[in-house]
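Visitor: All chains should be modelled from the sequences, with the hints used to inform the complete structure.
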Amino acid sequence: MTGSGRPLAGGTARSLRTRLLIGTLGGVLLLWLATLAAVWYGVSHELEELLDGHLAQTAAMIAALGGEDAASAQPAPRLHEEAKRVQWQVWRGETLLRRSAGAPLAPLAEQRRGYAQRNVEGRAWRVFSTGTLPDGRSVQIAERLSDRRDILGALGTNLLWPMLLALPLLAVAVLLAVRISLAPLTRLRTALEARGALALEPLPSADAPAEVRPLVAAINALLGRIDLALAQEKRFTADAAHELRTPIAALRAQAQVAIASSDARERRAALDATLAACDRMARLLEQLLTLARLDTRDAADGGRGLQARVDLDALVRASMARIADGAPSRGDDLELRSEGPTAARAESTLIEVLLRNLVDNALRYSAAGMPVLVSLESASGAPRLTVEDGGPGLEPASVARLGERFFRAAPEGPSGTGLGWSIVRRITELHGARIAVDRSPALGGLRVQVTFPSPPPGEGA
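First residue of the sequence shown? That's 232 in the working numbering, and the numbers climb one at a time after it.
Heads up, a few of these hints could be off.
To be verified - Here are the simulated distance ranges between beta carbons: (1) 610 with 548: 11 to 21 Å; (2) 611 with 509: 43 to 53 Å; (3) 548 with 461: 38 to 48 Å; (4) 380 with 438: 52 to 62 Å; (5) 611 with 247: 29 to 39 Å; (6) 460 with 600: 43 to 53 Å; (7) 410 with 353: 31 to 41 Å; (8) 479 with 540: 40 to 50 Å; (9) 442 with 392: 36 to 46 Å; (10) 480 with 424: 20 to 30 Å; (11) 285 with 410: 43 to 53 Å.
Hints are computed from structural coordinates only; laboratory data are not their basis.
For clarity, every value in this text was computed on a predicted model and none was experimentally measured.
Built from N, CA and C at the ideal position, the CB exists for glycine as well.
Guide: Structure (structure tokens):
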């Protein structure tokens with residue numbers, strides 16, 4: 232099985248080098264065979280033409296020697312050993328006037344002009360006949376087909392040996408070319424193998440071929456995301472260790488008071504303080520885990536994937552109902568104003584987390600009975616979510632620091648973790664939304680406006 236869970240064909244995976252060698256050498260071999268066949272066909276055809284022309288030329292020379300009578304029809308002397316390959320006859324009608332040494336007494340061909348293949352006295356011949364000449368003679372000249380095949384075989388052998396010797400040289404050239412071409416991948420593999428587990432710096436790509444650069448870029452992007460994820464994991468661990476130390480110490484102190492106290496009311500107060508410390512620690516852990524999940528989401532895809540079309544009106548109404556159920560004593564203080572169905576590209580779970588943190592913050596800093604107004608409207612076609620309260624608001628210096636982890640604008644105010652605004656900032660970043668903080672003109676406290684990107688045309692509510 233591969234890392235992706237898919238079985239490999241035949242249970243093994245051929246390397247890229249093997250595939251290139253098989254493909255290239257196979258192509259070279261096919262081209263070599265095709266070239267050999269083409270050369271063989273061309274040479275044999277040209278040789279046939281050449282030898283046929285030689286027969287015709289020799290017949291013309293014999294015809295030009297002049298007439299012979301029947302009494303002198305004796306074999307001509309053989310002047311060279313190779314002359315036995317070609318035999319000729321001179322006829323007048325049915326009378327053999329002259330013939331070469333070794334030529335049969337039977338006619339080599341018919342009296343009409345042209346080429347033919349004949350079997351004479353058990354041998355196959357390629358024959359040319361001049362036909363009947365003006366003086367009544369005809370010249371017939373022939374060459375044994377076996378001799379022609381011997382010539383073609385000798386010529387083919389002389390051509391084949393250089394081509395056979397060239398084949399291994401071509402194979403070596405292909406091997407070297409493939410090795411040189413794959414050298415960047417080999418260097419990339421070596422560089423990755425030599426790295427330690429935490430060596431996440433980008434790989435050099437300046438010398439990489441154009442085909443390899445996208446791979447190097449993808450690996451570097453992956454290394455960057457892993458580096459970011461590890462950094463966020465370290466930050467989460469450090470944050471948790473730092474922020475849990477105080478509530479755990481307070482929890483221990485209250486538990487010790489409850490154990491040591493003999494007064495029932497004092498013991499009860501210590502236990503109540505212990506429960507409150509547990510609640511604060513649970514909220515802190517919940518928000519730390521929420522931030523960790525958001526950081527992981529951001530490191531994994533940079534916010535991609537928030538492509539679902541949602542109706543913010545329905546989503547906000549459902550979220551407000553759940554928030555009111557969770558805070559029954561303040562449910563009557565919550566007010567929602569909406570223009571109706573509002574489309575946006577968003578993730579419903581994250582939008583509910585964002586709204587819950589904004590409303591929770593508004594309720595914390597607003598006295599009981601003071602309204603918290605949540606409104607949803609369209610601003611130049613872009614959905615806008617607004618949360619307003621009647622609390623003390625924030626100074627400009629504090630507004631600039633909102634989103635810093637564990638920053639609390641009013642440390643002496645209501646208890647909090649200082650993480651809610653970090654969560655809100657991260658969610659708006661993931662959605663590509665804009666966030667604005669100022670004073671509420673209606674309630675006098677803090678106003679937070681989150682403006683989401685306009686939905687694509689045709690996706691309005």
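Visitor: Could you work out which earlier hints the structure fails to respect and list their numbers in ascending sequence?
Guide: 5, 7, 10
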